[in-house]
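Participant: Sequence:
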Amino acid sequence: MAKNFPSLDLHGAKTDEVFDRLDRFLRREEGKGSDCVRIIHGIGTGKVKEKALEYCRLTGHSAKPDRAPNGNNNPGSFLLYL
Numbered sequence: 627m628a629k630n631f632p633s634l635d636l637h638g639a640k641t642d643e644v645f646d647r648l649d650r651f652l653r654r655e656e657g658k659g660s661d662c663v664r665i666i667h668g669i670g671t672g673k674v675k676e677k678a679l680e681y682c683r684l685t686g687h688s689a690k691p692d693r694a695p696n697g698n699n700n701p702g703s704f705l706l707y708l
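All residue numbers for the sequence shown refer to our numbering, where the first residue is 627 and numbers rise by one.
Derived by calculation from the structure, the hints in this document are not laboratory data.
Small disclaimer: the values here were computed from a predicted structure and weren't measured.
Quick reminder that beta carbons are idealized off the backbone N, C-alpha and C, glycines included.
One or more of the hints may lead you astray.
Quick list of simulated restraints, FRET-style, between CB atoms [unchecked claim]:
#1 Arg-693 with Asp-642: 29 to 37 angstroms
#2 Asp-646 with Gly-670: 15 to 23 angstroms
#3 Asp-642 with Asn-696: 14 to 22 angstroms
#4 Thr-641 with Asn-696: 27 to 35 angstroms
Taking lysine-lysine and the DSS-like style, the derived pairs with C-alpha atoms no more than 25 angstroms apart in a straight line are [stated by the list, open to error]:
#5 Lys-658 with Lys-629
#6 Lys-677 with Lys-640
#7 Lys-673 with Lys-640
#8 Lys-677 with Lys-690
#9 Lys-640 with Lys-690
#10 Lys-673 with Lys-690
#11 Lys-690 with Lys-629
#12 Lys-690 with Lys-658
Based on the sequences and whatever the hints tell you, model everything.
Facilitator: Now the structure itself:
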């Protein structure tokens, strides 16, 4: 079953905004002691997802598929481990 992790919704974000929005959100959540967050990128063209995963690779954060309540992968989001 899907857990209620803190989430950042990137729907409608421009690719050049993704790094900054992720950085601010993750700093805030790390300060709160969060160890996992949900990044909602939507499906669309995949450019926002690509940029968010690039951020993870560059910063050493681990990204894993997000599970929907029915146990299937949710293609519009992923979990990022801090």
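Participant: Does each hint hold? Answer for all of them.
Facilitator: Hints, one by one, checked against the model:
1. Between Arg-693 and Asp-642 the beta carbon distance is about 30 angstroms. The supplied range of 29 to 37 angstroms therefore holds.
2. Judged by the Cβ atoms, the range 15 to 23 angstroms given for Asp-646 and Gly-670 holds: they are separated by roughly 19 angstroms.
3. The hinted range of 14 to 22 angstroms is not satisfied by Asp-642 and Asn-696, whose Cβ atoms lie roughly 35 angstroms apart.
4. Take Thr-641 and Asn-696: their Cβ atoms lie about 30 angstroms apart, and the range 27 to 35 angstroms holds.
5. For the given pair, Lys-658 sits about 17 angstroms from Lys-629 by alpha-carbon distance, which is consistent with the 25 angstroms threshold.
6. Straight-line distance between C-alpha atoms of Lys-677 and Lys-640 comes to about 10 angstroms, which keeps the hinted pair within the 25 angstroms bound.
7. Between Lys-673 and Lys-640 the CA atoms are separated by roughly 9 angstroms; this keeps the pair inside 25 angstroms, and the hint holds.
8. Taking the CA atoms of Lys-677 and Lys-690, the gap is about 15 angstroms. The hint holds against a cut of 25 angstroms.
9. As the CA atoms of Lys-640 and Lys-690 are separated by approximately 23 angstroms, the hinted pair is consistent with the 25 angstroms bound.
10. Taking the CA atoms of Lys-673 and Lys-690, the gap is about 18 angstroms. The hint holds against a cut of 25 angstroms.
11. In summary, the hint linking Lys-690 to Lys-629 is supported, as the alpha carbons are separated by about 14 angstroms, within the 25 angstroms threshold.
12. Our distance criterion of 25 angstroms between C-alpha atoms is met by Lys-690 and Lys-658, whose separation comes to about 21 angstroms.
The structure fails to meet hint 3 from the earlier list, while all remaining hints are met.
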